[in-house]
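S.K.: Listed here are the chains, written in short residue letters.
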Amino acid sequence: MSFDEAAFNDAYTAHAGRLRAVAFDVLHNREAAEDAVHSALMRVWSSSSYRAERGALLPFLIACVRREALDTLRGANRRQLREVKAVADDPVSIDETAAIDPIEARRVRLALESLPESQRDVINRAYFGHRTLLEVSRETDVPLGTVKSRLAAGLRRLHTVLSPGAAPS
Amino acid sequence: MTQHLDDDAELYALGYTERERSDEIEAHLATCVACCRRVAAAEEAAASLSAALPPMPAAKPRAASWQRNWWPSLATAAAVVLGTTTALEGFIAHGASERVARTDTALTALAAAHFGHTTLTAQPGLVAKAIYSRDGSWCYVVASGAPRGAHVVFRTATGTEDLGALDDGTPATLFAQQPGRAEEVDIVTAGTVIAHGKPVY
Numbered sequence: 008m009s010f011d012e013a014a015f016n017d018a019y020t021a022h023a024g025r026l027r028a029v030a031f032d033v034l035h036n037r038e039a040a041e042d043a044v045h046s047a048l049m050r051v052w053s054s055s056s057y058r059a060e061r062g063a064l065l066p067f068l069i070a071c072v073r074r075e076a077l078d079t080l081r082g083a084n085r086r087q088l089r090e091v092k093a094v095a096d097d098p099v100s101i102d103e104t105a106a107i108d109p110i111e112a113r114r115v116r117l118a119l120e121s122l123p124e125s126q127r128d129v130i131n132r133a134y135f136g137h138r139t140l141l142e143v144s145r146e147t148d149v150p151l152g153t154v155k156s157r158l159a160a161g162l163r164r165l166h167t168v169l170s171p172g173a174a175p176s
Numbered sequence: 007m008t009q010h011l012d013d014d015a016e017l018y019a020l021g022y023t024e025r026e027r028s029d030e031i032e033a034h035l036a037t038c039v040a041c042c043r044r045v046a047a048a049e050e051a052a053a054s055l056s057a058a059l060p061p062m063p064a065a066k067p068r069a070a071s072w073q074r075n076w077w078p079s080l081a082t083a084a085a086v087v088l089g090t091t092t093a094l095e096g097f098i099a100h101g102a103s104e105r106v107a108r109t110d111t112a113l114t115a116l117a118a119a120h121f122g123h124t125t126l127t128a129q130p131g132l133v134a135k136a137i138y139s140r141d142g143s144w145c146y147v148v149a150s151g152a153p154r155g156a157h158v159v160f161r162t163a164t165g166t167e168d169l170g171a172l173d174d175g176t177p178a179t180l181f182a183q184q185p186g187r188a189e190e191v192d193i194v195t196a197g198t199v200i201a202h203g204k205p206v207y
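In order, the protein sequences belong to chains A and B.
The opening position of the first sequence corresponds to residue 8 in our numbering, with each subsequent residue numbered one higher.
The opening position of the second sequence corresponds to residue 7 in our numbering, with each subsequent residue numbered one higher.
Only chain B is shown next, with the shape it has when bound in the complex (with noise of 0.2 Å):
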């Protein structure tokens, strides 16, 4: 697609596209200055619309969900692996005066980072996901459920690599530095496979 995007671009901002044209809208703008400055201004006018909603209700008091636990654990990812960066050391060494421009540049590293995600088939009980560098150099792999003990296991074309145990966290991570590109990953608990996946590279 060519075309610049005309009142698209505002639609698209306020989520009014449908998938696919989206998907044509998002090629574009990876090539059109110009368009993703249009794009830009409407997203920011769109996200001043947003400030006046109300929060999302308080959930009711219950066991700690995936979701909630699920996030600091892929900051605590991403921090592992963009740590020696400059911009997340700019970051950590900021006060909280500064806390609009350390989160901003917080997220634009994280945002910059080369990682891909999968979520494990598991047996009931059990969600997990594996997150990995394109390049390799490290997954993390995040159980809600898993039995204590339970370890992560790389197979590739040439062998099966055990990486090691979850540990006794909610939930249960682990951290695997140069592991390799895996074909499939999967997590084991007394010789049985509890969940399965293939990372995408």
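Same shape as in the complex, but just chain A (with noise of 0.2 Å):
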């Protein structure tokens, strides 16, 4: 069998969009992005952690270069990232227009409305406003602890939501 490299190419340019986006949206720095998506990805490979109780693939992937990508943020290097780190941004609102997968951003903002207020606040300011969990805390003068159930909650319903099968709202 002979190797069709262009197929394989293919293969990688399929999800390397998808996790390039997700790493810049936490960096806003491209070369910091794609730095996060080849660790995120070389720590998956080198441990084998992959297996298939976690679920599809695309979606564990995705979970890791945005954990990469905010250890980075975290990290030592969070100096070198100061001029570019995300910013919290003010009215938070999903731009369908301009998602990576538009029909999936509609499905997505449709869920959010579905969800209780304070669920859909806490989303809403922790992964498309790019605050932190305690500036989340801290805006809306709520517990830190209760900011993370919410979340965590608001998490579950989503998907509860955006499981297939699941009764239009």
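Source of the hints: derived by calculation from the structure; they are not laboratory data.
All residues carry an ideal CB built from backbone N, CA and C; glycine is no exception.
It is possible that some hints are incorrect.
Unchecked claim - Derived CB-CB ranges, DEER-like:
id : chain 1 : residue 1 : chain 2 : residue 2 : range
1  : A       : Glu124    : B       : Ala36     : 31 to 39 Å
2  : B       : Gly122    : A       : Glu60     : 20 to 28 Å
3  : A       : Arg58     : B       : Pro61     : 27 to 35 Å
4  : A       : Glu38     : B       : Glu167    : 30 to 38 Å
5  : B       : Ala163    : A       : Ile110    : 33 to 41 Å
6  : B       : Gly186    : A       : Leu151    : 26 to 34 Å
Claimed, not checked - Here are the simulated lysine to any residue pairs, SDA-like style, with alpha carbons at most 20 Å apart:
id : chain 1 : residue 1 : chain 2 : residue 2
7  : B       : Lys204    : B       : Phe181
8  : A       : Lys155    : B       : His10
9  : A       : Lys155    : B       : Ser28
10 : A       : Lys155    : B       : Phe181
11 : A       : Lys155    : B       : Asp13
12 : A       : Lys155    : B       : Glu26
13 : A       : Lys155    : B       : Lys204
14 : A       : Lys155    : B       : Pro63
15 : B       : Lys204    : A       : Ser46
Combine the two chains into a complex, taking the hints into account.
M.R.: Now the structure itself:
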């Protein structure tokens, strides 16, 4: 069997855009984002940490990349990133027309709208508004523990709403 | 750690746990199927959120970066290694309409591969990495900025082996089969070591 390099590269390309977008959203720096994607995937591959129980591969990889990017932001290189650090955005909303996947973005927006306000607000501020959970706590005058609980509950509910077969709201 | 994850499952999926805590969680996930499934569900929801993000902006025109070129090279290396597996055969045989399925197949094959990597300490202007199978059956060296004709040298407890010259590609690469396990890997030109690293098996 001959190796089809083009097909293999195509496979990487299919996911690379999404992974880079995730890293760039956190770091707002192209090189740092590419490094984060690279480091995350090397960490996955060198540890063989993926297995079937972890679900589909793409969500797993996206989570790995986001963790890597946030670790970078929290870590020793933060000073180097200061000028390009992701800053907290003002009113948070999903711009479907600019989204990497407009159809899925619309589904996500509708799903978020079905969440209780307290959960939706935490997700919006933290995920789309680029705030740390501590910043969310201060902004909303809600204890950090409660912010974490609301975020976790919101994500669980979001998964339920977005799951195939979920009743439309 | 034996306790289940509770809210940390979702916080971990979103990247809001510190590295130390993440390491604990990953150790727990290696043994707890219930928490694996909970994290998987959370990661699925988090992945949906990521679909609403804008793409990373295009780079300003400039010379091809190390990162952009490195990836397809790794894909090549991994595919050479994995090229005879049934999974990859299936992946290659499929048509464009099955792009998503074949993508996952290929990346899953990569994710399951056992190889390590090390960045070589190099002279200014040279960036080099060695990617190697843990059983010593292959090694792939990728170098950006290496002088033409530079060689890759493996050093072991019993001696030194010249694996050959890097090719003239951009980046330059060398794939070696059955090189064994090196204690050190160097890139050498005109008798001078210009990059050096220590693989960890």
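S.K.: Starting from Lys155 of chain A, check that the Cα of Asp13 of chain B is at most 20 Å away, please.
M.R.: 7 Å, holds
S.K.: That 27 to 35 Å hint for Arg58 of chain A and Pro61 of chain B (C-beta), does it hold up?
M.R.: 30 Å Cβ-Cβ, so the 27 to 35 Å window holds.
S.K.: Between Lys155 of chain A and Lys204 of chain B, is the straight-line Cα distance small enough, at 20 Å or below?
M.R.: Roughly 42 Å between the alpha carbons, so the hint for Lys155 of chain A and Lys204 of chain B is violated.
S.K.: Do the alpha carbons of Lys155 of chain A and Ser28 of chain B lie within 20 Å of each other, as the hint requires?
M.R.: 16 Å, holds
S.K.: If you draw a straight line from the CA of Lys155 of chain A to the CA of Pro63 of chain B, is it 20 Å or shorter?
M.R.: 31 Å, violated
S.K.: Determine whether the Cβ-Cβ distance between Glu38 of chain A and Glu167 of chain B falls within the hinted range of 30 to 38 Å.
M.R.: Holds: the Cβ-Cβ distance is about 35 Å, inside 30 to 38 Å.
S.K.: Just to be careful, I want the Cα atoms of Lys155 of chain A and Phe181 of chain B compared with a cutoff of 20 Å; is the pair within it?
M.R.: 48 Å, violated
S.K.: Lying within 26 to 34 Å: is that true of the beta-carbon distance Gly186 of chain B to Leu151 of chain A?
M.R.: Because 52 Å falls outside the window, the suggested range is violated.
S.K.: Quick one, are Lys204 of chain B and Ser46 of chain A close enough, alpha carbons at most 20 Å?
M.R.: 18 Å, holds
S.K.: So if I understand the rule, the pair passes when the alpha-carbon distance is 20 Å or less; does Lys155 of chain A with Glu26 of chain B pass?
M.R.: 18 Å, holds
S.K.: Does the structure keep Lys155 of chain A and His10 of chain B at a Cα separation of 20 Å or less?
M.R.: 17 Å, holds
S.K.: Does 20 to 28 Å hold as the CB distance between Gly122 of chain B and Glu60 of chain A, or does it fail?
M.R.: Given a distance of about 24 Å, which is inside 20 to 28 Å, the answer is holds.
Consistency with the previously given hints fails for numbers 5, 6, 10, 13 and 14, ordered from lowest to highest.
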